[in-house]
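Peer 1: Sequence:
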Amino acid sequence: MLKQALTYNTICMLILIAAVHLNAAERVDNVSIACSANFTDTLKKLKVEYEKTGAKVTCVFGATGMLYGQIINGAAYDLFLAADEKRPAMLFDKNLALEPKIYAKGTAVLWSMKKELKRLPTWEDVLVSSDLMHLGISNPKTAPYGATAEASLRAVGLYSKVESKIAFGKSVGTAFQYGYTGVADATFIALSQALSEKGMHGKYWGIPKSAKINQAACVIRSGNVEGAQKFLEWIEGKEARSILRRYGYE
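Once you know that position 20 of the sequence shown is 23 in the numbering used here, the rest is easy, because the numbers rise by one and skip nothing.
There may be inaccurate statements among the hints.
Unchecked claim - Straight line, CA to CA, 27 Å or less: simulated DSS-like cross-link-like pairs of lysine-lysine:
#1 K89 with K144
#2 K97 with K212
#3 K168 with K48
#4 K168 with K117
#5 K55 with K144
#6 K212 with K201
#7 K206 with K104
#8 K104 with K173
#9 K144 with K118
#10 K117 with K55
#11 K212 with K108
#12 K212 with K144
What the hints assert, rightly or not - Now the in silico label distances, taken between C-beta atoms and shown as ranges:
#13 Q232 with A158: 50 to 60 Å
#14 M203 with S245: 38 to 48 Å
#15 M136 with Q73: 12 to 22 Å
#16 Q73 with E242: 39 to 49 Å
#17 K108 with T56: 42 to 52 Å
#18 I105 with K48: 25 to 35 Å
#19 R157 with K241: 32 to 42 Å
#20 G209 with G160: 14 to 24 Å
#21 W237 with S133: 43 to 53 Å
Simulated from the structure, these hints should not be mistaken for lab results.
For every residue, glycine included, the Cβ atom is placed at its ideal position computed from N, Cα and C.
Take the sequences, apply the hints, and build the full model.
Peer 2: So this is what it looks like as structure tokens:
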């Protein structure tokens with residue numbers, strides 16, 4: 004009887020140890036990501052592929068500045084995929100994150116679903132058109148794509164001419180919705196959004212003098228560091244980079 008009891012107890016202990024290790028592995032693989040709005044569709048595709056490895060990815064999307072504010076106020080994220088280099092660097096300087104690295108380079112474009120505007124050849128033609136009554140831009144103070152759009156308008160001397168028509172969105176995702184729903188006749192968005200399923204319904208124009216937008220990622224020190232690092236390593240792989248290129252990222 005004693006031998007049987009010992010055997011039974013040993014089996015129970017082994018099962019318990021295995022369960023603990025399994026739960027620990029699951030915790031390591033799972034990752035919570037705060038992601039800039041421009042990268043929404045891309046991350047959703049990446050999430051589907053990454054979860055095939057058995058991991059679980061939780062995503063929160065928003066303007067880079069807004070997400071940065073949440074993180075410095077203690078939001079429980081493991082990884083921050085920003086739309087700029089500035090905020091991840093600030094988190095690193097505050098010792099809230101590991102050293103940032105660039106995970107993508109994005110492009111800002113002007114986009115419209117309005118048929119009268121879709122016939123026009125350049126982004127500047129759209130901006131001076133009498134058919135443009137409302138122009139969508141994400142908030143330049145919190146959204147890097149909005150800041151790039153504003154800088155591009157000022158660079159060609161058109162900001163003052165369209166200023167009264169601007170409808171500011173809290174993120175580039177909101178700006179895209181303005182254009183898609185008709186709140187804005189044209190809107191500044193990320194190329195990735197223009198190449199999305201919804202974006203294909205409209206037309207986009209490149210902004211010739213607009214620089215590429217370096218998007219940096221940083222691992223949050225208070226979160227699941229190992230899980231976040233594993234995800235970052237994975238998106239550097241061939242399969243993930245193919246998805247990024249499909250959405251216009253370098």
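Peer 1: Now, for every hint given, state plainly whether the structure supports it.
Peer 2: Here is how each hint holds up against the structure:
1. K89 with K144: Holds - the C-alpha atoms of K144 and K89 are around 12 Å apart, at most 27 Å.
2. K97 with K212: Outside the cut-off at roughly 34 Å; violated.
3. K168 with K48: violated, 34 Å
4. K168 with K117: holds, 16 Å
5. K55 with K144: violated, 37 Å
6. K212 with K201: holds, 26 Å
7. K206 with K104: violated, 32 Å
8. K104 with K173: Judged against 27 Å, a Cα distance of about 25 Å means the pair holds.
9. K144 with K118: Violated, because 31 Å separates the two Cα atoms, which is more than 27 Å.
10. K117 with K55: violated, 39 Å
11. K212 with K108: holds, 15 Å
12. K212 with K144: Between K212 and K144 the Cα gap is close to 21 Å, so the pair holds against 27 Å.
13. Q232 with A158: 50 to 60 Å: Given about 38 Å between the Cβ atoms, the range is violated.
14. M203 with S245: 38 to 48 Å: With Cβ atoms ~19 Å apart, the hint is violated.
15. M136 with Q73: 12 to 22 Å: Violated, since M136 and Q73 (Cβ atoms, about 34 Å apart) do not stay within the stated range.
16. Q73 with E242: 39 to 49 Å: Since Q73 and E242 have Cβ atoms about 30 Å apart, the given range 39 to 49 Å is violated.
17. K108 with T56: 42 to 52 Å: The hint (42 to 52 Å, Cβ to Cβ) is violated, given that K108 and T56 are roughly 26 Å apart.
18. I105 with K48: 25 to 35 Å: Violated, at about 20 Å.
19. R157 with K241: 32 to 42 Å: Since the Cβ atoms of R157 and K241 sit about 40 Å apart, the hinted range of 32 to 42 Å holds.
20. G209 with G160: 14 to 24 Å: For G209 and G160 the Cβ distance comes to about 19 Å; the hint holds.
21. W237 with S133: 43 to 53 Å: Roughly 49 Å apart at Cβ, these two residues keep to the hinted range, so it holds.
Violated hints, listed in ascending order, are 2, 3, 5, 7, 9, 10, 13, 14, 15, 16, 17, 18; each of the other numbered hints is respected by the structure.
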